[in-house]
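Read left to right, the sequence shown gives residues -25 to -1, 1 to 326 (mature numbering (1 follows the signal peptide of the UniProt record, and there is no 0)).
Because the hints were derived from the structure by calculation, they are not lab data.
Please note that a few of the clues may not be correct.
Said to hold, decoys possible - Taking lysine-lysine pairs in the DSS-like style, the calculated list, with each CA pair at most 30 Å apart, reads:
{"#": "1", "residue 1": "K283", "residue 2": "K243"}
{"#": "2", "residue 1": "K227", "residue 2": "K283"}
{"#": "3", "residue 1": "K227", "residue 2": "K243"}
Said to hold, decoys possible - Distance windows between CB atoms, simulated:
{"#": "4", "residue 1": "T174", "residue 2": "S325", "range": "55 to 65 Å"}
{"#": "5", "residue 1": "T146", "residue 2": "D226", "range": "38 to 48 Å"}
{"#": "6", "residue 1": "A261", "residue 2": "V123", "range": "26 to 36 Å"}
In this text, a Cβ means the ideal position worked out from N, Cα and C, and glycines have one as well.
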Amino acid sequence: MVRSGRRHLPLVALLALLGTDMAAAAPNLCVANQNGVWSDQEELDRVGACKVCSADGTRCEQCWEFFSMNSSGDCVPCKATEYGEGTGAALTCISCKADDPSHCYNCGGRFLLREEPDDFQGFYADANGKCIQCPTPHCAECQNVTGVCLQCEPGYGLVGFFFDPAAAACTPCKAGCARCESADECSGCDYGYLPDPATGQCAPCPSNCQECSAANQCSQCKSGHTNVTTDGSACAACADPLCSFCAEGVDKCTSCSENGFGPDPATKRCVACTTPNCSSCSDSAATCTECGPGYVLDGATGACEPCKVQNCSWCRISSQTGQEECESCLNGYTSSVANADPITACVPGSA
């Protein structure tokens, strides 16, 4: 009777994982039974690596998992490979290339007592036949060699794609849909779209609207636009093209999008920052919030002062010590001490 639940490795695979030479010497024993396929209980009791025997019992036709058949018709163990960095755990290969036990096709359990296959999802065989963890977080199944995620763990989905079994490929959701289970089943919309109960798809928000609660109700306009109707049905562009926020009216800019510009309190338009060497003053042209390369903002005066470390491209005042610290050097210069934090001197050279 075939047992369900956990499956132990065949003894020959166990020996292979333990690093002995005994596995290589194990014969492919074919013992007659009803259909030529060993049950789990019989697997535990035998030494042979053959799963399916020929009708006359003279040769092996299929090897057990963790083995491949070489050109001589012998079942040889796949090689366990390492996965990840610093884990120190061996990941077992379930099936491998004939005549090349080191080339893995499918990855499996990490322990001698192998759990069900679902417990070891999220791994694939790379171009070198090594078992590697899928690069996409929360990916349950990814394509061999490429590592492209095909299916996510429960509770997660591929953003903007669904796996089409018929095409055996990731297929884009319809326009405006961020998460879908199929071409006709959208479960989440992109910014600028909202669910349409009638079609089950995503309908676009009003023009220049980033988020909307209903087809004609915009709750947030796109950057550089503001709501110009009391019911939130229309977004209009700010009068100043450099303006990113004009909630008080299209001609009243309160925040600028371009670095080096800020709103003039008098005209409500974007003008160049008035502080020399200032790179950002988005909320007020007269108030600098970030200085350009080689300068640091003086919190007391609001001025941009040269970095104390010569040829430093980025310096700041430490929130812990209150002292100025250099974080990076100008192009063509490098820290006098490798990996120094903070940098105390920038000398000619490249990082």
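Comparing the hints with the structure gives:
1. Among the hinted pairs, K283 with K243 is inconsistent with the structure: their alpha-carbon atoms are about 36 Å apart, more than 30 Å.
2. Simply put, K227 and K283 have alpha-carbon atoms about 39 Å apart, too far for the 30 Å limit, and the pair is violated.
3. For the hint pairing K227 with K243, the CA-to-CA distance comes to about 5 Å; that is within 30 Å, so the pair holds.
4. About 57 Å separates the C-beta atoms of T174 and S325, a value consistent with the hinted range of 55 to 65 Å.
5. Look at T146 against D226: about 46 Å separates their beta carbons, and that is inside 38 to 48 Å.
6. For A261 and V123, the Cβ-Cβ distance of about 51 Å falls outside the hinted range of 26 to 36 Å, so the restraint is violated.
The structure does not agree with the numbered hints 1, 2, 6 stated previously, though it agrees with the rest.
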